[in-house]
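Asks: Let's have the full structure, built from the sequences with the hints guiding it.
Residue numbers (the working numbering): 1003 to 1622.
It is possible that part of the hints are untrue.
Stated by the list, open to error - Dumping the calculated EDC-like pairs for lysine to aspartate or glutamate here, alpha-carbon to alpha-carbon at most 20 angstroms:
1) Lys1370 / Glu1359
2) Lys1148 / Asp1080
3) Lys1385 / Asp1229
4) Lys1263 / Asp1314
What the hints contain is simulated information worked out from the structure, not anything from laboratory work.
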Amino acid sequence: MEKNDFPLFDRRPKRKLAAILAADVVGFSKMMGENEDRTLVNLKACREITDGAIREHHGRVFGSAGDSVIAEFASPVDAVLAAVEFQINLRDRNSAVSPQDQMQFRVGLNLGDVIVEGENLFGDGVNVAARMEPLAKPGGICISGKFYDEVHRKLELIFENVGAHEVKNIANPVQTYHVVLDQGSDAAAFDKGPDVNKGNDQKSIPIKNEKPRIIILPFVNSNNNEDNEFLVDGIVEDIITEFSRLNSIEIISRHSAFGCKNKGLDNGQIMKQFNVNYIATGSIRSSGNRIRISVELTDPSLGNSIWNERYDRTMEDIFDVQDEIVRKIMVALVGKLELVSLERAKRKPTEDLTSYEYLLRGRDFHHKFSKEGVLSAIEMLDKSITADPDNAQAYAWRACSIGQGLGNGYLEGEMENPFEEIKAMIQKASELDENDFECNRLLCEINKFFEDFQQAEYYGNKACNINPNDPRILSAMGDLFVITNRAEEGVNLLIKAYELDPMGLGASNADKRIGDVMFGTYVKGDYDLESEVISENRLLNLLREILSSDLKFQEFKQGFDVMFTDSRHSSYFVEKLSDEELESLQQQNIELPSIFLPMNNEDINNNDIRNNDSSTHSVV
1003 MEKNDFPLFD RRPKRKLAAI LAADVVGFSK MMGENEDRTL VNLKACREIT DGAIREHHGR
1063 VFGSAGDSVI AEFASPVDAV LAAVEFQINL RDRNSAVSPQ DQMQFRVGLN LGDVIVEGEN
1123 LFGDGVNVAA RMEPLAKPGG ICISGKFYDE VHRKLELIFE NVGAHEVKNI ANPVQTYHVV
1183 LDQGSDAAAF DKGPDVNKGN DQKSIPIKNE KPRIIILPFV NSNNNEDNEF LVDGIVEDII
1243 TEFSRLNSIE IISRHSAFGC KNKGLDNGQI MKQFNVNYIA TGSIRSSGNR IRISVELTDP
1303 SLGNSIWNER YDRTMEDIFD VQDEIVRKIM VALVGKLELV SLERAKRKPT EDLTSYEYLL
1363 RGRDFHHKFS KEGVLSAIEM LDKSITADPD NAQAYAWRAC SIGQGLGNGY LEGEMENPFE
1423 EIKAMIQKAS ELDENDFECN RLLCEINKFF EDFQQAEYYG NKACNINPND PRILSAMGDL
1483 FVITNRAEEG VNLLIKAYEL DPMGLGASNA DKRIGDVMFG TYVKGDYDLE SEVISENRLL
1543 NLLREILSSD LKFQEFKQGF DVMFTDSRHS SYFVEKLSDE ELESLQQQNI ELPSIFLPMN
1603 NEDINNNDIR NNDSSTHSVV
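Replies: Below, the structure written as structure tokens:
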């Protein structure tokens, strides 16, 4: 019997089993009615998060209308991990933006038979997923019984049985479950994987905070060769950057971590100074093309080594080693949470090791914060670009170095049009890698400078989603919120930036963060100097250190202007500052109130308000 004897056989639709994800924005129509442009900008930012997680977990979006997303996965495990990841990342985004910009999605998941028509899928498998979606909580996930049967033994997710529901156009009630995302830390909702410490005589880590906070200290250069320092510091900086991309932890900035170099601080002192739970240390030795990296993770409160390992590799393997270090520490801290987001293909700067070496050298010069450093950084980054014209990070860092040079007056007569150079570098970097957080951070700053606050917020949110722990991004967004009348949100971000990068009194962006917090708090209308960040005593010590060094007071001026004109605190600083210090302030062109100004003899005779102890202070 021939196949053609059954003509209906050829016309049967193609079918397959698929895991279907259906998602929808809560209250989207209302948002569109209130502000269409703003809603569409926020939807685009959220879709980058949802669609990115779907792609990372091997899914495919096949339906999208307005605010809805429908995707297919070959594996239900991949589908639920994608949903959990983007719901957590959307939650983190919502915590960093204004209430008007927040969006919540409901997600429905189902496993079922579907009909394939070209790129589209149809049938009950899709329909049930769409019916699960409205049953989910805002920001939550609802799954069908079939889906539950496939995943609940394979993942350490927590499921809540919410019974059978009759759903539209489906003959029989559907058993439903909610994925629980709010059990303590987000780590509880993820597959924690195998116990990596089992049989290793190493203790598991008690998570003390909602998010573990870690500092990665500069690694020891075992070669004792200054020429090798850029390589050691560059590799550590890359590792810090990889950690900063993760939502499940907080990491102290590169600037503050490297500020501990050669300070002789023990782990207990570091733990107290930076309020961290864990400390990572290490060493690097290189010989020709060979490299040895030793890493150790400790809990200073217990004095325990949590994890340690040694890697003997070639330089060609350096990116894989960096990945492995991040993954091993992440597994030790919070299980497999977010490991799926560490796709090297998205962030590997270059395949060309010569270009990578020049990139590291350029960054090293950039961090010296001097004219010579800026010029040398630009030279090295030019060489990095020459070696690999597709190295997006080289363009982004060149833009950063030019910006540093502009801000400090280092490029006068050195570059014909540095601002156009910055724009060209960012444009090129964005074309090569639109997910480079440096590019998006710089686009935020540029648009803020030109007072296009909507675009600034768009790029700032994008940078935050890519790298939620970078204090420069947090500062940029905090400042943006303050100047656009969202001071409370802004101050929260500025304080977080300060907490992640508290090492001030250097030549970096960290210098002005206390001043930014002061100004933002004042704008918020709650300037009481009672927080740990901006206490009177802390500010007094900061002010004295600025005045006694060659630090640029202008970096702090905005914040101190506010403090000095606030009558509630004037007397405190008047009593504590010497006449010489007050005179130095006047030389900084700060507008001091009359209480700070030098007094004539009549003032002294009538009311010496500075200090009743005349033996301590002379009069200017």
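Asks: Hint by hint, note whether the structure agrees.
Replies: Right, here's what the structure says about each hint:
| no. | hint | verdict |
| --- | --- | --- |
| 1 | Lys1370 / Glu1359 | holds, 17 angstroms |
| 2 | Lys1148 / Asp1080 | holds, 15 angstroms |
| 3 | Lys1385 / Asp1229 | holds, 18 angstroms |
| 4 | Lys1263 / Asp1314 | violated, 25 angstroms |
The structure fails hint 4 only (numbered hints given earlier).
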